[in-house]
Amino acid sequence: MSTPLFVTPLWLDLTAVGIGAIQGAMFAGRMKDRRIDLLGVALIGIVVGLGGGLLRDLLINQLPAAMASNWYLPVATGAALLGMALQRLFSRLNPLIIGLDAVTIGLFGAIGVTKALAYGVPEVPAAFVGIISAVGGSILRDMMLNLPIALMHVGSLYAVAAGVGSALLVILATLRVPITIAGISCVILTAVIRLLSVRFGWSLPEQRAIGSWPRWRRG
Amino acid sequence: MSTPLFVTPLWLDLTAVGIGAIQGAMFAGRMKDRRIDLLGVALIGIVVGLGGGLLRDLLINQLPAAMASNWYLPVATGAALLGMALQRLFSRLNPLIIGLDAVTIGLFGAIGVTKALAYGVPEVPAAFVGIISAVGGSILRDMMLNLPIALMHVGSLYAVAAGVGSALLVILATLRVPITIAGISCVILTAVIRLLSVRFGWSLPEQRAIGSWPRWRRG
Amino acid sequence: MSTPLFVTPLWLDLTAVGIGAIQGAMFAGRMKDRRIDLLGVALIGIVVGLGGGLLRDLLINQLPAAMASNWYLPVATGAALLGMALQRLFSRLNPLIIGLDAVTIGLFGAIGVTKALAYGVPEVPAAFVGIISAVGGSILRDMMLNLPIALMHVGSLYAVAAGVGSALLVILATLRVPITIAGISCVILTAVIRLLSVRFGWSLPEQRAIGSWPRWRRG
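Chains as they are written, first to last, in UniProt numbering: chain A, 1 to 219; chain B, 1 to 219; chain C, 1 to 219.
One chain only, chain A, in its complex shape:
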């Protein structure tokens, strides 16, 4: 399948990276008990902002985008240090950041899916690449900070939003819907699910073996 790439302008891609890096720095800033230094903050920013795209390109065996341009690393580093310095300001803007982040997840997912399709990856793994593009930064962040990986635990639907959006994009691409429409649909659906799940506290059920399901229990 020779799906055309859902091309995003560089400034949009870099904005998404910057938003990720700011969030990474704010996350690191909440860990007062660890003595994280300036380099640690920059590293977390780079990991959160660029990690998803890096895992995406490792999975499809291509040169990582951040290695092909001079822009990505300075933007991620700068945004992380800004996020650290202006932590109070950004904390007050939290609702705005959650909104921007929801769009960012969708954007990373859409770029991931179409890049995978464009390089000949079949539909199912292409959707998987979309999910990893969207959530990979937060997985790497938790692994580097030596924390349990947030998205494996009961919480609001981060990866699910990315997964539903990515699946929609794969289906639309298979139906030969123009890639720009398909990509924008993916971004909107992902962002809406994410925001609704934050608003209404939706979550996936905790793991459960059949024998322990309440309806199977006998008095």
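If you're looking for bench data, these hints aren't it; they were derived computationally from the structure. Since no wrong hints were added, every one of them can be taken at face value.
Residues from chain A that face chain C, not an exhaustive set, calculated with beta carbons under 7 angstroms: (1) ILE36; (2) ASP37; (3) LEU38; (4) GLY40; (5) LEU43; (6) LEU63; (7) MET67; (8) ASN70; (9) LEU73; (10) MET84; (11) MET144; (12) ASN146.
Built from N, CA and C at the ideal position, the CB exists for glycine as well.
Take the given structure of chain A and dock chains B and C to it, following the hints.
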């Protein structure tokens, strides 16, 4: 060296992936103190079932097998959710699963070694690729669950079994033994060592500096 | 940019790998409370000695150097087991090892930068590849041992030394300074910064939001 690939039929490869994913889910199921949700279980299943093959293909710089087919990801996810739901059943089948797992390690090792040799990797790193193919899933599982990596600690011979089997395969391939015979020998040797080590509690000695060896101590 | 590779003779590269592996084994040896076995020590040695080069080649999407030669893995494994056995001897040689390590960081950085430039990676990500080549082994070590990543926390300037050296090399290469001179300058500058920071206890400041900077505080 143009070693032919030890070709395994897709159903066998997928069975091995499924057994790995079921074990991953059962492992996650024992962690009652963490609130792992359905997605977390699916993720652990994907990591344990597909992680070894993923690391193998990253090491030899090829497109991961799971990214080249629609089958791997649904099988790993489905097996993980099945393993979660039928945990009690599978726990009772534990001896069977340990047996299947021993064969699975051997199979992953054999596929890893021959794939590396086929892509021109020299003998020593090819055997290393076999070991990582066999144990990579469990390494990634422990890193994602934020646990000490099981195989670095004193315990039954998991990686050693894979290492001996992989070394045998490399030697046989160098001696131009037909690849099917070499591959099956690797699987059998790996599985036998693994099962004997479980049965008799074999383990590697703990790390020790020479100065602290008992025979060097003076009254 | 077709920068020529800063070619290091194989024996020098392997010496650097061996020094890394010995340090990894000594690090593992200090963790008496965990029951790390011989395989665990070998694995840590491989990770510390070869991890930087592995991450470097993953980032620039090339076959890892350790996968293209029979020498790297045995040297790393042998050095790690030697480091474990002769722990007392090496502990007494600690100043020598810190000195050799400082040169090793510089060497890994110089190889990383020039390899990235030679494969067409632009200047900024090329310097980043140099830093990761130098410090990647210690990052992977901490992730595998389930420890907080040392270089993210306040401490002596490990990554900064690699970063300054890598930046110098990128600048010299852009100015068309012969690559051998540029590479040796990078190694010397990195080693000197690292050693001075150990000697004088230099460190980066801890992360700090602007609102909490002392000069901004009011009575």
